Every structure is written in C-alpha cells, then in structure tokens.
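So you can see what is in the structure, the chains are spelled out below.
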Amino acid sequence: MSMDASDPQPLPNSQPLLQASGLSKTFGIVEVLKDIDLSVRAGEVHAIIGENGAGKSTLMKILAGNHQPTRGEMMIDGQKVSFSGPVDAEHHGIVLVHQEILLAPDLTVAQNIFLGRELGRGLTMDDRAMREAAVKAVRDLGADLDPDTIVSRLSIAQRQLVQIARVLLVPHRIVIFDEPTASLTPHETDALIKVIRDIRARGVGVLYISHRLPEVKEIADRVTVLRDGRLVASQNASDLQPSDMARLMVGRDVAKLYPDRQSAEIRETVLEVEGLDVPGYAQGASFRLGKGEILGFAGLIGAGRTELMEGLVGLRPSRGAVRLNGQAVRFSDVHASLKAGVAYLSEDRKGKGLLLSKDLTVNLTLASLGKFVRGLQIDRKREREALDRAIQDFDIRTGTKEILAGQLSGGNQQKLLIAKMMLLDPQVVIIDEPTRGIDIGNKQQIYTFIARLAEEGRSIIVVSSEMPELIGICDRILVMRSGRIVGEVTGERMNENEIVGLATGISAGEAA
Amino acid sequence: MTGATTPETGAKPKTSRDWDMAAIAPFVALALLLVLGYFANPSFASLANLTNVITRSAFIAIIALGATYVISSGGLDLSVGSMVAFVASLMIMFLNSGAIADPVMLLACAMLLALGMGAACGLANGLITTVGRIEPFIATLGTMGIFRGLTTWLSQGGAITLKDRELQALYRPVYFGSVAGVPIPIVVIFVTAAIAAFVLYRTRYGRHLIAVGSNEDVARYSGISVNRVRTIAYVVQGLCVGVAVLLYVPRLGSTSATTGILWELQAITAVVVGGTALRGGVGRIWGTVCGAFILEIVGNIMLLSNFVSEYLIGAIQGAIIIIAMLVQRSLMRK
Numbered sequence: 005m006s007m008d009a010s011d012p013q014p015l016p017n018s019q020p021l022l023q024a025s026g027l028s029k030t031f032g033i034v035e036v037l038k039d040i041d042l043s044v045r046a047g048e049v050h051a052i053i054g055e056n057g058a059g060k061s062t063l064m065k066i067l068a069g070n071h072q073p074t075r076g077e078m079m080i081d082g083q084k085v086s087f088s089g090p091v092d093a094e095h096h097g098i099v100l101v102h103q104e105i106l107l108a109p110d111l112t113v114a115q116n117i118f119l120g121r122e123l124g125r126g127l128t129m130d131d132r133a134m135r136e137a138a139v140k141a142v143r144d145l146g147a148d149l150d151p152d153t154i155v156s157r158l159s160i161a162q163r164q165l166v167q168i169a170r171v172l173l174v175p176h177r178i179v180i181f182d183e184p185t186a187s188l189t190p191h192e193t194d195a196l197i198k199v200i201r202d203i204r205a206r207g208v209g210v211l212y213i214s215h216r217l218p219e220v221k222e223i224a225d226r227v228t229v230l231r232d233g234r235l236v237a238s239q240n241a242s243d244l245q246p247s248d249m250a251r252l253m254v255g256r257d258v259a260k261l262y263p264d265r266q267s268a269e270i271r272e273t274v275l276e277v278e279g280l281d282v283p284g285y286a287q288g289a290s291f292r293l294g295k296g297e298i299l300g301f302a303g304l305i306g307a308g309r310t311e312l313m314e315g316l317v318g319l320r321p322s323r324g325a326v327r328l329n330g331q332a333v334r335f336s337d338v339h340a341s342l343k344a345g346v347a348y349l350s351e352d353r354k355g356k357g358l359l360l361s362k363d364l365t366v367n368l369t370l371a372s373l374g375k376f377v378r379g380l381q382i383d384r385k386r387e388r389e390a391l392d393r394a395i396q397d398f399d400i401r402t403g404t405k406e407i408l409a410g411q412l413s414g415g416n417q418q419k420l421l422i423a424k425m426m427l428l429d430p431q432v433v434i435i436d437e438p439t440r441g442i443d444i445g446n447k448q449q450i451y452t453f454i455a456r457l458a459e460e461g462r463s464i465i466v467v468s469s470e471m472p473e474l475i476g477i478c479d480r481i482l483v484m485r486s487g488r489i490v491g492e493v494t495g496e497r498m499n500e501n502e503i504v505g506l507a508t509g510i511s512a513g514e515a516a
Numbered sequence: 023m024t025g026a027t028t029p030e031t032g033a034k035p036k037t038s039r040d041w042d043m044a045a046i047a048p049f050v051a052l053a054l055l056l057v058l059g060y061f062a063n064p065s066f067a068s069l070a071n072l073t074n075v076i077t078r079s080a081f082i083a084i085i086a087l088g089a090t091y092v093i094s095s096g097g098l099d100l101s102v103g104s105m106v107a108f109v110a111s112l113m114i115m116f117l118n119s120g121a122i123a124d125p126v127m128l129l130a131c132a133m134l135l136a137l138g139m140g141a142a143c144g145l146a147n148g149l150i151t152t153v154g155r156i157e158p159f160i161a162t163l164g165t166m167g168i169f170r171g172l173t174t175w176l177s178q179g180g181a182i183t184l185k186d187r188e189l190q191a192l193y194r195p196v197y198f199g200s201v202a203g204v205p206i207p208i209v210v211i212f213v214t215a216a217i218a219a220f221v222l223y224r225t226r227y228g229r230h231l232i233a234v235g236s237n238e239d240v241a242r243y244s245g246i247s248v249n250r251v252r253t254i255a256y257v258v259q260g261l262c263v264g265v266a267v268l269l270y271v272p273r274l275g276s277t278s279a280t281t282g283i284l285w286e287l288q289a290i291t292a293v294v295v296g297g298t299a300l301r302g303g304v305g306r307i308w309g310t311v312c313g314a315f316i317l318e319i320v321g322n323i324m325l326l327s328n329f330v331s332e333y334l335i336g337a338i339q340g341a342i343i344i345i346a347m348l349v350q351r352s353l354m355r356k
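Chains A and B, in that order, are what the protein sequence lines are. Taking our numbering, I'd label the letters of the first sequence as residues 5 to 516. Taking our numbering, I'd label the letters of the second sequence as residues 23 to 356.
Simulated from the structure, these hints should not be mistaken for laboratory data. Predicted model, so just to flag it, every value in this text is computed and none were measured. Note that the Cβ used here is the ideal one computed from N, Cα and C, for glycine as well. Be aware that one or more of the hints could be misleading.
[To be verified] Pulled from the structure, derived: some chain A residues nowhere near chain B, Cβ distances all over 12 Å:
hint : residue
1    : 122
2    : 152
3    : 236
4    : 288
5    : 314
6    : 317
7    : 355
8    : 357
9    : 367
10   : 369
11   : 372
12   : 387
13   : 399
14   : 494
[What the hints assert, rightly or not] Here are the computed distance ranges between Cβ atoms for each label pair:
hint : chain 1 : residue 1 : chain 2 : residue 2 : range
15   : B       : 348       : A       : 379       : 37 to 43 Å
16   : B       : 57        : A       : 104       : 55 to 61 Å
17   : A       : 41        : B       : 220       : 43 to 49 Å
18   : B       : 280       : A       : 104       : 38 to 44 Å
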C-alpha cells in the first residue's frame, strides 16, 4: 500500500470544490496540525480518520471557520479564501454538523430547524411556512417527523436528523459530519449512511469524521488518515481495508485487538439474579455470573440493559432476588453494592463517572475515601501514591498529574474510572459501554485490562452496543430485547447474526 | 471525543493549579481596599477602627461560613436572616423564663438551646430540600417566611428583650470582651473558620460535599449518599446561625420582627465575593471570611470618607457582587 500523501488519481472531470494545502495550526507552543493537504470534490464522501488528539477536529474547525490556520491556504473553486468565522464559511457553502446535539430541548422540531433564522411576515413569524418547510426538510432526509413535536421527546437519532435538517437549510456545497454515528444504534447508523449517500448524490462534497472503520469503509470514496497532527495517508477507500486504516491510525499493527483468554471452564457461581424487575425498563431478568467470567449483555439501545444494571446495584428501584456468593442481598443504594463488592461503571463517563472539573486524585479516591482517612483527616500523601500506582497500572497518559479529569482524552478518562473502582477491590465489575468514543489504541488496552481483571478472579459484566467487542472479549453473551433477556449465545453461536437476530426479535432463541 | 479538549490540542493546557488566581483575587481586593481606606481617611487604618470593623462583620462572616457549605453542595439557604431572629428570640425568651435558678447554668443551657435550635432549623431546611425534593430556593423561601412569621408572633409585633440585669452583665463580655487583646467575636470568626476549613478541605465529608456540588450523579454513582451530605450542609448552616446568635444576643439583648433582615443576601454576597461558585462544587472558606470583611470595610470607608453618601452603601454592595463575578469569570477564562 502506498504511503504517498499526495492525492490519488483524481476522478475524471471533477475539479476540487475545496483545496487546502499546507494547513498548520499551533496553539501556544504545541503544533497540533502540520502541513495538511486536503481536497474535497463534488459528489464524494471523503472520510477523515485518526485517533483522539490526531487533529481531526482542529482540521474541521479550520475548514468550518472556527479556527484560523497558522500557516497554509484554502482555495474554493480556485479562489483563495480565508474565513473570519463560521458564518463566513457558511457564506462560502461550507456547513458543519456537530457531533453534539445542539438543539433547544423545549422547542418543537420546526422551531429548532428555523432557530435564529425564523421566517417572518412583517412583525410576526410565519409558523405555517416554517412547519411546512420543516416537514419537507425532514422528509428529504428520509424521515417523517411531526414538526410540532417537542425535541426532548425525540430519540437521539431523530434529534440528530433535526440537527442535520437544520444545517442543510443553509445553502451548501460541502457538508462536514463530525462523528455523526457516535451515539447511534447499528440500525440508525444505516439510515444515516443512506442520508449521506443522498446528499452526495446531489453533487455535494461530504467530509466525514468517524472512529468506526467498517462504516468508513462502507461509505467513503476517499480516506485521509491523520496521526499526531500529520497526514499519514490519503487514498481511495477501495484500496483500504478497515485493518489497514487501523494500522495507519495507530502506527502499529492492531490486528490483535482482543486479548487471548483461557476457554471457559465450569466456574463457581458468584452472582445469581433471579426474576429481577426494574419497573418500566426490565422484567424478569435471571442470570448467573461465574468467578472469573466475562459475561456480555447485548441488545439495541433502549433494550433496558443499562437500567437493569442500575437496578441491580441500587441506582433504581427494583424487585427480585439477588444472591452474591449464595447469600441473598438487596442493594438500596450504590454505597451498599460497593460495600458488598459489586461495582458499576456508568456508560456516561463524563456525566456520571468522573468529576470533570476536579483533579485526578480527587476522582480516583472518591468512591473509596474511607481507605485514605487517617484519624479525621484524608491522608493526601497516600492519595498521591495511589494515583501514581493507578497511572502505572492502567497506563493513564497525562503530561502532568495536576491536570483536571475533564482534560484527559476519553480513553484515559475510562482508564481513570476503572482505576477508581478497582481501589474498592470489587468482586463483581459491571462495565457499561467500556469503549464508547474511545480510539482503537486505547480500546485494545481496555480489553486487556478487562481480561486481566477476570484473570484476577473477578467476575465481569460488559454491557455494549458494539457486537465485535462483546464477541471478542466475552465468554457468554446474553441478549436483551424490550426489557427482557431473550437469549444466550456461546461458543460457535457467538456471532453478529445470531445476536442481531435475538436483539431485533427476528430469531426467537431460548430464554436464558 | 474529537481532541479539542485533550492536552495535545488544547489552547493552553489548563491544570488544577490555574484556578488559584480566582482564589487569590478576594485577598488582593481586600488589600487594595485597605490601601484605599488609608488614603480616604488615615484614621481608617487605626488599629481601633479596623478591630471595630472586623468585630462588626462577625455575624455575616459566621453565617456566611455555613452558607459556603450549603452553596458548595449545590444548595442555597435564604432563611438564615429570619432564622437568626427566630433562634435569638427563643434564646432570650428562655433566659427571661428563668427556668434554671443558677444564672451561669441558665446561660449555658440557653447557649446550647440556641445551637440546638439552629441545627434543628437547618435540619428542617435540609430535609425539605432533600427528602421533600423541593428546590432549595423555594424550600428556604418558605422557611424564611415561617421563621420570620414565628418571630413576629412570639414578639407580638414588638420586641423581645433580655430583662434580667444580672444575666445581661454576665453575658455581655461574650461580645464586648476580648482574649489577649483580641475581641471575642474576632476570635470566634477565626476559630469557626478554622474548623470549617478543616472539615471542608481535610475530611471525607468535605470531599463528599464538594463532589455532590460538583456533580450529583457522579457522587451517587460513587456510592455517596447525596441526601445525607446535603442535609448535613444545612445543619452546618444552622449551627453557624446558632453561633452568630450567641454573639448577637449579648450585643443588643433584644430581637424584633426586623432582626436579621437581608442578612441572607449579605451572607451570599460574602460567599460569592470570596470566590465560591454559586453553582456548587467549589468552596473557599477563607475567601468567604475575606468577602465578609470586604463588605463591612466598604461600608466603613464610605462612612469615614466624604466621596460617597453612606446612604448608597446598599448600592455599592450590590455593585461589588457584580464586579466580583465579572473578575472571577475573566480569571477562569485565562
């Protein structure tokens, strides 16, 4: 494979809409982008991939006018341009679909789509025209939404469609998607990919940022790989396999993403759940978890997996029998479950896992402060020692220990969260979406940590929407649908088809 | 997820150390005020005047220490002004009842009663906001009305006055006396602040309090009992009100329906001027003490100088809180 950074053979009769050359960006003394050449042609999807911190988002922010490049230039239709801000970039036809949903939750679909550019008739707003235009804008994306629905009642995928509709209302020639599928289910992702293909078919140039390589392979015409702020490859997508992309992103071979594990043996049961109901979310869940076992929970978003786990550890009201080492237990709150040795790591790292505005030490010891108290006081020296150990044991990469948790990358935040819970030495560890939003190098490490925890004799439950990861690290997988455990897959049957079949209800499966 | 906030790409890596500027700011402001006061009127800088000013700030300073706890936990207590009136009224009525013959014992019991009642009022606030799940603003707006109304009812619209001369003489030194030349109220400010700082910065409870104020969900998912931590913060606030009452009663020996009016706002001002974030998650004990001093000193400078009418004190204090917020925000952006 060629590592040549210049453009591959251009498609015939397709002059670039946008041509950037030598783009560099320096913040303070840190050079985050160096000499990036990039072109976008009409009617192509150009994917930008790279690990967190590779400079993807800085590059997109320069193209969308949020940042000024330190060096380098951009040409549109052969004319040199520089953007004073995002609005200026929009005037040149470049629009950005943000990764985060930036909508007013209490306003309707139509009000959000036209927010800040309401259609008016004299002094009053023309609500009817806006509603009609909103219906059309959403329908153009292949969806059907009532324009009067309050946005907070929509699913994440629907909100994202509203956001895309809102952006596409601006006359555009280039659309930048910043990790649009990060919080979508596989089904919703497929729908979005169709939307992007439609946009491409209209002769619009699409820049597409994503971590999910199979999806990039599916949709992209060209792929540009960034690593450490440099362009390492720019090639036709047809010449690249996802494994090639991963290697280019990480700079080393990551073919072995999942650690080797001993095959499952008959293990003593550690946790036994029987007929657990979490009212409104999960019904009659029964399962066993063995010592040193990694048990996966698969299912679509909304199947009740997270809520079942939250009910189990006392974060939600629940009914049913839970036995830990044969003893009946009932956790009224997290304090009780942690004390019994059952730790739950939330899927929402930033919202529920870590105090982003506090330093690493405070976060690390928060759940186990009792171990660091001497007399009345917290022993800060022992806290610092614990941080040093955690940084070493879990390879938390940070320039300085004085940093705030919110300034760590997603992967390092997850490592810190794991370290935090491991201070409690739990017997059962429940990890919800362990690698969501985490780049491939860190993913590999986190899988290794999970395997190590199991080898240490802990029992692990992994809840994940990424089937390859469940298949890669779990001994058994339970599949949930609409609040019920609908089947168990093991051994030969542990494949995506089997899981999807159970998760969507296409195949019945035996109740576990 | 896209690297903008990671250290590799962040504009200037901001570490936990960078927040220190916001912590120092109130002390710089206090120093500047002292210099300004000296130039406005040299007698301002006399030891007698400064001691007097700080002594008078004791009520607000001590109440504001409790408010620092409540606000750091993400709460708010609007009832403290009327709580002072209510608890002080009960204390004076107990002293007037002469329930215990020995005046020293009577006074000791009355003081315990004031602390206990303060803690009980705080507990009520805490339980209403946590167990009752009512917004702190509304809950304490309600109890503010209740405490004020009970005071008016107890005093029948008039005043409740400590009648016994002997008790007055016995109790008077607690406000007017001094230890090694330092007026007792100043000693009480610093001792209370030292205890508050120890608990907030050094103990498990303090860490939990900051965690709850910083992000309630993270605290709950870490096994911290959010309701318990919040309720205790209100009890601490009530205890601080009790301590303030212990100093208030010997000073005036009388309460009425207007006792402590607007003290809650002065306390909140002192907390915010001191650098504690109103949204919770950051508590600065010594900043709060400094904030209370600043409020009192500004008033004193206005009295001593002829630049500005002293009738404008309220307006100036209002301006101070706005300026303090602007300064804090600009420091945090750096």
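Status of each hint after checking the structure:
{"no.": "1", "hint": "122", "result": "holds, 30 Å"}
{"no.": "2", "hint": "152", "result": "holds, 30 Å"}
{"no.": "3", "hint": "236", "result": "holds, 16 Å"}
{"no.": "4", "hint": "288", "result": "holds, 25 Å"}
{"no.": "5", "hint": "314", "result": "violated, 9 Å"}
{"no.": "6", "hint": "317", "result": "violated, 9 Å"}
{"no.": "7", "hint": "355", "result": "violated, 6 Å"}
{"no.": "8", "hint": "357", "result": "violated, 6 Å"}
{"no.": "9", "hint": "367", "result": "violated, 8 Å"}
{"no.": "10", "hint": "369", "result": "violated, 8 Å"}
{"no.": "11", "hint": "372", "result": "violated, 9 Å"}
{"no.": "12", "hint": "387", "result": "violated, 10 Å"}
{"no.": "13", "hint": "399", "result": "holds, 16 Å"}
{"no.": "14", "hint": "494", "result": "holds, 31 Å"}
{"no.": "15", "hint": "B:348 to A:379: 37 to 43 Å", "result": "holds, 42 Å"}
{"no.": "16", "hint": "B:57 to A:104: 55 to 61 Å", "result": "violated, 47 Å"}
{"no.": "17", "hint": "A:41 to B:220: 43 to 49 Å", "result": "violated, 59 Å"}
{"no.": "18", "hint": "B:280 to A:104: 38 to 44 Å", "result": "violated, 51 Å"}
Hints 5, 6, 7, 8, 9, 10, 11, 12, 16, 17, 18, counting from the list given before, are not met by this structure.
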